[in-house]
Structure formats: structure tokens, C-alpha cells
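Could you build the full structure based on these sequences and the hints that come with them?
So the chains spell out like this:
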Amino acid sequence: MRGKGKAVCLGADIDTDLVIAGRYLRTKDRGVWAAHVFEDLDPALARRLAGAVIVAGKNFGCGSSREQAAIALKEAGVIAVAAPVFARIFFRNAVNIGLPLIEADLSCMDGEPVAFDLEAGWVETGGRRKPVRPLSPRMLAILRAGGLVEYWREQR
Amino acid sequence: MSTLAEKILGAAAGEYVDRKVDRAYVHDGTGVLTLEAWKSMGASGLCDPSRLSVIFDHIVPANTGLTAMLQHELREFAASSFMHFSDIGSGICHQCMSEGIVLPGEVVVGADSHSCTLGAFGAFATGVGATDMAAIWMTGETWFRVPATIGIHLTGKLSGAAEAKDCALAYVNQLGMDGATYQALEFIGEGAGHCSIDERLVLCNLAVETGAKAGMFYADHVTAEYLRRFGAAAAEQVPEPCDYMQEITVDLADVVPLVALPPRVDTVKPVHDIAGLPIDQVFVGTCTNGRFSDLARFACIVKGNRVAVRTIVVPASRAVLAEAIRTGVLADIVEAGCVIGTPGCGPCLGTHAGVLGMGEVCLSTANRNFRNRMGVGAEIYLASVATAGASALEGEITEPEVP
Ligand code: SF4
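For the record, the sequence lines run as chains W and F. Residue 87 in the numbering used here is what sits at position 87 of the first sequence, and the numbering runs on without skipping anything. Residue 321 in the numbering used here is what sits at position 321 of the second sequence, and the numbering runs on without skipping anything.
Calculated from the structure, these hints are not laboratory results. Treat the hints with care, as some may be off.
Unchecked claim - Calculated pairs, EDC-like style, for lysine to aspartate or glutamate (alpha carbon to alpha carbon, straight line, at most 20 Å):
{"id": "1", "chain 1": "F", "residue 1": "K303", "chain 2": "F", "residue 2": "E394"}
{"id": "2", "chain 1": "F", "residue 1": "K39", "chain 2": "W", "residue 2": "E154"}
{"id": "3", "chain 1": "W", "residue 1": "K28", "chain 2": "F", "residue 2": "E76"}
{"id": "4", "chain 1": "F", "residue 1": "K39", "chain 2": "W", "residue 2": "D29"}
{"id": "5", "chain 1": "W", "residue 1": "K58", "chain 2": "F", "residue 2": "D266"}
{"id": "6", "chain 1": "W", "residue 1": "K28", "chain 2": "F", "residue 2": "E36"}
{"id": "7", "chain 1": "F", "residue 1": "K39", "chain 2": "W", "residue 2": "E150"}
{"id": "8", "chain 1": "W", "residue 1": "K6", "chain 2": "W", "residue 2": "D105"}
{"id": "9", "chain 1": "F", "residue 1": "K7", "chain 2": "F", "residue 2": "E247"}
{"id": "10", "chain 1": "W", "residue 1": "K4", "chain 2": "W", "residue 2": "E154"}
{"id": "11", "chain 1": "W", "residue 1": "K28", "chain 2": "W", "residue 2": "D42"}
{"id": "12", "chain 1": "W", "residue 1": "K28", "chain 2": "F", "residue 2": "E73"}
{"id": "13", "chain 1": "W", "residue 1": "K58", "chain 2": "W", "residue 2": "E103"}
Predicted model only: the values in this text are computed from it and were never measured.
Now the structure itself:
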């Protein structure tokens, strides 16, 4: 569970309607979600997400339980999302689809490199290393497997 | 001693537990992805289909060929798998589950964030996403971190034109949109005992708007009486002194009609302060305020008058619609010039049947007013049924009269 990407900084309380709007949910085509991710927040954002670590304010992913929000981010190339605290359904969803979450309060600039190691429990920006609130062993195991589908395939 | 969440989950706050799920449900929106994930897991069967429900409520009837096909696939699967299946027009999943299905002490998981509504019965009810639900279909259980609990003491009684919805907006305002993240809310005190089941459902419904995992009432004689109407027996739960991580008090007697301003549920003002703001649409319904008691209150206000703006009323379930027909409530609403939608979510999530245009303003009895939720560039003000009724008649946000 290590990774490295470029920071894309967002504000607090980004709800899942803003991540992927309800009008794009009626499909199973993941490409559609990736194409329209954050459209209502900033339509230019989707193109900057390949290789990105989203650095958000508190309560990222609040609102609807739509898993398409986490899928859209992953499909668009997001490597991980960092926030001081996540909305809990989004938290579970992201781990379940294999998108690493970094629970830490980071301050950094757009484009700055962000490195993390969730097993070791740290995240680094601008040469500063910070501890990450540890994930439960089960959540780490799910992430290591690549998501809950893969986790259960391995268990069986 | 334990909080209600600790008692039902059988462990102390902060611990991780695996728990058998007593009731699990999905809707047409989350069910499609659940089915996909379940198939990908390579599951050969469902753990116990008698505990699983599929309820079509989000886009009913289907609005496009694509929606129809996605629903078709899920419908076929549900029918062949011995799950409980409720087709279009049955109602909103949370409402259907509240009509005699969910019982005190149960662990209930819905693939929808407002599953916390069912904590009104003294159940531990919470929302998950599709992949978590797929694993529950396969194994019949899931993991939880037992939440710490915020105690919300309710004192006194609602008075004047104030409703449970106003009380809910008041506590969301007090806690903020992330004030209870990862935690449970417990509604306690003599004021809680005065609340009807419909009022408890409203108060628990908005728990997730504070980030909470669950909102809960202790089952009492009110719960038992309500469930008896559905032929279900319910044991009462007795609160014990316990450690809350935070306690707040809401005096119901002080609650006045409130409105949440776009685009945040926790930005709340007295209706009085923004009275006169012009609106384009009123929406009465949703898992917050689409029950029979809501429709009856709304009918009382509009009966014999004409609404001044387009007004959409969507009963929360078929049972609600049937009762509204039987009692004449529906005729009063229709004769006042309102439009009636199919029982379900209606325009709440902005995909069909009541989407707003750029710059339009809606006064809604729902629980979310996020940017663009009911239409790109539209604004949503959230309020009670009484405020919706008064505002519909005036065409602007209007303080309800004391009945
Ligand atoms: S009525 Fe609205 S908030 Fe409730 S379940 Fe339906 S879409 Fe969600």
C-alpha cells in the first residue's frame, strides 16, 4: 500500500453528488463516471486526475451511498484520496473498490508530490512526513487484495 | 453500561465486530452495482434470501430505455432468487421497511445512505455501498466498528406550527455536516417518548446529514403499538446510564419552523427570516416527509385553496397512497392543483419527474440540498410539510400558521 502522485487540492465537505452527479448513475459504463467526475465542481478537473492524489478538506464523500463516486475517481486515474476525516460510507466504498484513503490533515499546493505508505502509516508532502490514522487490519487486507471482490475471491 | 448501539452490536465503542445482518435491502439505483459485484465475487448463491429485499424506488417508472434494461436485469434476478422483491410503485425502500418489517434490536443494512431512518424502531440501521452489500448477499454478515454515541436529549413538546423536521434541522445545524462522523446519535429523554413513530423516522432520517452512522430511539410502548398494527410483536428497550462522547439538548418547545439554505443542510435559519423569497416549485415527499401524516397535514393547509406554484406531491409508499385515497386526503391535494407522483423518491435525486431548470428555486421537504441535486443550476430550500403547504399557496417562502 505505497504510492506516489501529484496533489490535486480540494475544499471541505465535497459530497458524492459533486463527485458524480445523479444524472450519470443510470449506466454500468465506468467510463461515463470517469468522464463526468467532479463535473459540477469544476469541469476541467477530470482531465487532471491521472496519477493524482486528491488532498481534500474534512468530510470528503458525504451524502449519498453511491459507490460510483469512488469508482469514478479510480477510473479517472486517482491514486489515493487524503482528507482529515472521510464520510463513513465513502470510506468503506473506496476501500472496497481498492482506492487507498489517507486519513491525515495535509496542507500542500496543487501539483506538489505526495507519497504515502499505509502499512507503515505515513504520508509525505513537501519533505514533511506525517503519521496517518491507521486502517483496520481488515481494511488493509481488502486494499492489499485490490478490493472486496478480489478479497472474497481469494478467501474462497 | 452500554449505549443502544453497543448493546445491539454486542461490543464497546471502538471495537470491530462481525455481525449477522437481520435485514438487508437495495434499491434500483444501488442494486444494479450490487448484482455486478456479487457476480464478480464468484458467489454461487445467496446466504439467506428471506432476509434480503430489492425495492424499486429511485427511478420509477423507468425514464429511459437504458434505465428500463438495468431494472429488467435486476428484476429477473430478484424474481428467480427468492429475495423479497417490491416492484415500481411499492414505495421508498426505507418506508417499505418501516411498515412492519424492521423490528427493535435488529441489525439492518441498506445500500442507501438514509438507511439510518430505521433506527426509529430501536434497530441498528446503517447504509453501505454496493460492494459491501454484495458481500452481505454472499455471507449474510458484515463488519462494523462499534460507534461512539452522541446523546440528544429531547425535552418538552413540539408546539405551534413546528414539526419533527424543524427539530431535525435544528440538531443538524447544531452538530454540523460532519459533527457526528463515524458516530451514532441516540434520541433520549421525555421528549423522545412523546414522539410518534413518524416523528422518530424523520429525526433518524437526517442523522446521516451530520455524518452519523446511525440515529436511534429506544423501542417503547409507542413502538410496540405501531408494530402491533402490522401484526409484529416488539420487546421494549430500557435505556441505561451510559457514556456518551457528547450530549446536546433540544427543547422541543423552543423549536420554530426552520429552513435549510442551499447548498448545505446545516445552514439553517428560521423561516421567518427569509419569508417572501419567490419559489418555482414545491416538492412534498421523500423518505423524510412523504408519510400519510405528512400528506394529511399538507392537505389540511391547501384544502379549498389553489397552489400558486407547481407543486409535486409524492407518497412515500403504496400504503401511504392508498390511505390518502381512502381518507379523501388525496382528493384535497389534487383539487388544490398539485401533481401526484408514483410512490418512490420522485424528483429528490434529480434524475426524473420534477427536475428543475437553471436558476429555479424549489422548496422541498427532503433531506438534501446539495448543489445541482435536483437540476443543474437550481437551488433547494429544505423545510417542513407545514412550511411547504403555506409556501405553495403563496408562491414564496412563507411561515406556516399555527394550526
Ligand atoms: S427519497 Fe431521496 S433521500 Fe430518500 S432514499 Fe429516495 S433519493 Fe434518497
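Hints and how they fare:
{"no.": "1", "hint": "F:K303 with F:E394", "verdict": "holds, 14 Å"}
{"no.": "2", "hint": "F:K39 with W:E154", "verdict": "holds, 15 Å"}
{"no.": "3", "hint": "W:K28 with F:E76", "verdict": "holds, 17 Å"}
{"no.": "4", "hint": "F:K39 with W:D29", "verdict": "holds, 16 Å"}
{"no.": "5", "hint": "W:K58 with F:D266", "verdict": "holds, 15 Å"}
{"no.": "6", "hint": "W:K28 with F:E36", "verdict": "holds, 9 Å"}
{"no.": "7", "hint": "F:K39 with W:E150", "verdict": "holds, 12 Å"}
{"no.": "8", "hint": "W:K6 with W:D105", "verdict": "holds, 16 Å"}
{"no.": "9", "hint": "F:K7 with F:E247", "verdict": "holds, 19 Å"}
{"no.": "10", "hint": "W:K4 with W:E154", "verdict": "violated, 27 Å"}
{"no.": "11", "hint": "W:K28 with W:D42", "verdict": "violated, 23 Å"}
{"no.": "12", "hint": "W:K28 with F:E73", "verdict": "holds, 12 Å"}
{"no.": "13", "hint": "W:K58 with W:E103", "verdict": "holds, 10 Å"}
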